[in-house]
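Protein chains in written order, with my numbering: chain A, 1 to 120; chain B, 121 to 401.
One or more hints might be untrue.
[Claimed, not checked] Distance windows between CB atoms, simulated: (1) Asp116(A) - Asp342(B): 44 to 54 Å; (2) Gln62(A) - Lys399(B): 51 to 61 Å; (3) Trp119(A) - Asp377(B): 44 to 54 Å; (4) His118(A) - Arg232(B): 23 to 33 Å; (5) His118(A) - Gly131(B): 22 to 32 Å; (6) Arg195(B) - Pro15(A): 30 to 40 Å; (7) Asp116(A) - Glu325(B): 31 to 41 Å.
[As the list claims (entries may be wrong)] Here are some, though not all, of the chain B residues that point toward chain A, as calculated from beta-carbon distances under 8 Å: (8) Tyr199; (9) Val203; (10) Leu215; (11) His217.
[What the hints assert, rightly or not] The following residues of chain A were derived to be distant from chain B, with all beta-carbon distances above 12 Å: (12) Leu12; (13) Gln24; (14) Thr31; (15) Asn33; (16) Glu37; (17) Arg42; (18) Ala48; (19) His49; (20) Thr56; (21) Glu57; (22) Cys66; (23) Pro74; (24) Ala101; (25) Arg103; (26) Gly105; (27) Gly117.
Calculated directly from the structure, the hints in this document are not laboratory data. We put the beta carbon where it would ideally sit given N, CA and C, even for glycine.
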Amino acid sequence: MKIAFTTSGTTLDAPMDPRFGRAQGFIVYDTENDTFEAVDNRQVLNSAHGAGIQATEAIVRQGAKCVVTGHCGPNAHRALTAAGIRIYSTEAPTVAEALEAYRAGALATLNAADVDGHWS
Amino acid sequence: MIISVASGKGGTGKTTVSVNLARTIGSGVQLLDCDVEEPNAHLFLRGRETGSEIVTIPIPEVDESLCDGCGECGRLCRYHAIVSFGSVPLVFPELCHGCGGCTLVCPRGAIRETGKRIGVVETRDANGISLIQGRLDIGVAMAPPLIRAVKTRLSREMTAILDAPPGTSCPVIATVRGSDFVVLVTEPTPFGLHDLRLAVDMIRELTIPFGVVVNRMGVGDDRVHRFCRGEEIPILLEIPDDRRIAEAYSRGELVVDTVTEYASHFATLLWNIREESQKYR
Chain A
1 MKIAFTTSGT TLDAPMDPRF GRAQGFIVYD TENDTFEAVD NRQVLNSAHG AGIQATEAIV
61 RQGAKCVVTG HCGPNAHRAL TAAGIRIYST EAPTVAEALE AYRAGALATL NAADVDGHWS
Chain B
121 MIISVASGKG GTGKTTVSVN LARTIGSGVQ LLDCDVEEPN AHLFLRGRET GSEIVTIPIP
181 EVDESLCDGC GECGRLCRYH AIVSFGSVPL VFPELCHGCG GCTLVCPRGA IRETGKRIGV
241 VETRDANGIS LIQGRLDIGV AMAPPLIRAV KTRLSREMTA ILDAPPGTSC PVIATVRGSD
301 FVVLVTEPTP FGLHDLRLAV DMIRELTIPF GVVVNRMGVG DDRVHRFCRG EEIPILLEIP
361 DDRRIAEAYS RGELVVDTVT EYASHFATLL WNIREESQKY R
């Protein structure tokens, strides 16, 4: 299964980005063969509106089934839910630590948006 | 004749110029407050409210029984206001610009349009001045459709003054487009000049004749004047940095009514606008 982590870097030791729609990018990690791919989200990051929706579209294109991020706004939450993507929240500092927490089953599911749109 | 009053910078005196210019024309004049996010011309032109109309924009509504989740609507919408993940699409009304494209592209005819309220257009009769102002609802980000609704009330038989929002983006373009003349209000400061340059570029792009009013003369420096001279832009009026103007403004009064010398200043402005616009005929 593919998991998307929001991050400002391109490697597993890169810091997590607490934003979802306006994350710098994603690391899409495939748990079946332990490989990952970095996806640039900067074009979405700079759009005036609808960042959460566009980021969801990008994640759907990557084939990810869940997202690990810091926070999630209302439009992003609606879009991710409609796309059948599970949303996990973490305060882990790096992608590797967030992945570890995911594997340990230690991540909380975000059942509702926990921030307003344009929160950061 | 349609005269728009715009500026790059906010707070330079667009409303002051607009309302005093309308009063100078006197009767048979329309004043359209197109600064729909914060309309304020009514504070200076009190009078009887004659109407209030709700303005809506069309947004898509999906008939789930007809939709097969093909996603054509989402691929068309560049604002991501409608998206489909292989199922019935989601609609995000606050992102919709009301273009209707999704209804046209849907192969199953599953999308129809429904009205979403964005604000009101209020009309007021203020001693011969017909004030028409848009008031955008709180939380709505889409000003241009409401500005266009305000402008549908334009009467070609009267002179109309359009009080534009500040800046140089879509709401300003929506306001000034179709005007016969644009008055750019600025102040003689580095900030005033910086934003005036942007506004001049915008108006030149729209190829509308324009001139400049320099407000608060006496503060700042002469760089706005040097710029206008270099660019051959006419200065239509200089308004001094006069405490009496601020006092009249603070009481919601028109300076042409309270300080007699300003009646002639604004008459000169009106004369200069007509002279300058003649040159382009």
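Here is what the structure says about each hint:
no.: 1; hint: Asp116(A) - Asp342(B): 44 to 54 Å; verdict: holds (46 Å)
no.: 2; hint: Gln62(A) - Lys399(B): 51 to 61 Å; verdict: holds (60 Å)
no.: 3; hint: Trp119(A) - Asp377(B): 44 to 54 Å; verdict: holds (47 Å)
no.: 4; hint: His118(A) - Arg232(B): 23 to 33 Å; verdict: holds (30 Å)
no.: 5; hint: His118(A) - Gly131(B): 22 to 32 Å; verdict: holds (25 Å)
no.: 6; hint: Arg195(B) - Pro15(A): 30 to 40 Å; verdict: holds (34 Å)
no.: 7; hint: Asp116(A) - Glu325(B): 31 to 41 Å; verdict: holds (36 Å)
no.: 8; hint: Tyr199; verdict: holds (6 Å)
no.: 9; hint: Val203; verdict: holds (6 Å)
no.: 10; hint: Leu215; verdict: holds (5 Å)
no.: 11; hint: His217; verdict: violated (10 Å)
no.: 12; hint: Leu12; verdict: holds (28 Å)
no.: 13; hint: Gln24; verdict: holds (19 Å)
no.: 14; hint: Thr31; verdict: holds (22 Å)
no.: 15; hint: Asn33; verdict: holds (25 Å)
no.: 16; hint: Glu37; verdict: holds (20 Å)
no.: 17; hint: Arg42; verdict: holds (17 Å)
no.: 18; hint: Ala48; verdict: violated (9 Å)
no.: 19; hint: His49; verdict: violated (5 Å)
no.: 20; hint: Thr56; verdict: violated (8 Å)
no.: 21; hint: Glu57; verdict: violated (7 Å)
no.: 22; hint: Cys66; verdict: holds (14 Å)
no.: 23; hint: Pro74; verdict: violated (10 Å)
no.: 24; hint: Ala101; verdict: holds (27 Å)
no.: 25; hint: Arg103; verdict: holds (27 Å)
no.: 26; hint: Gly105; verdict: holds (26 Å)
no.: 27; hint: Gly117; verdict: violated (9 Å)
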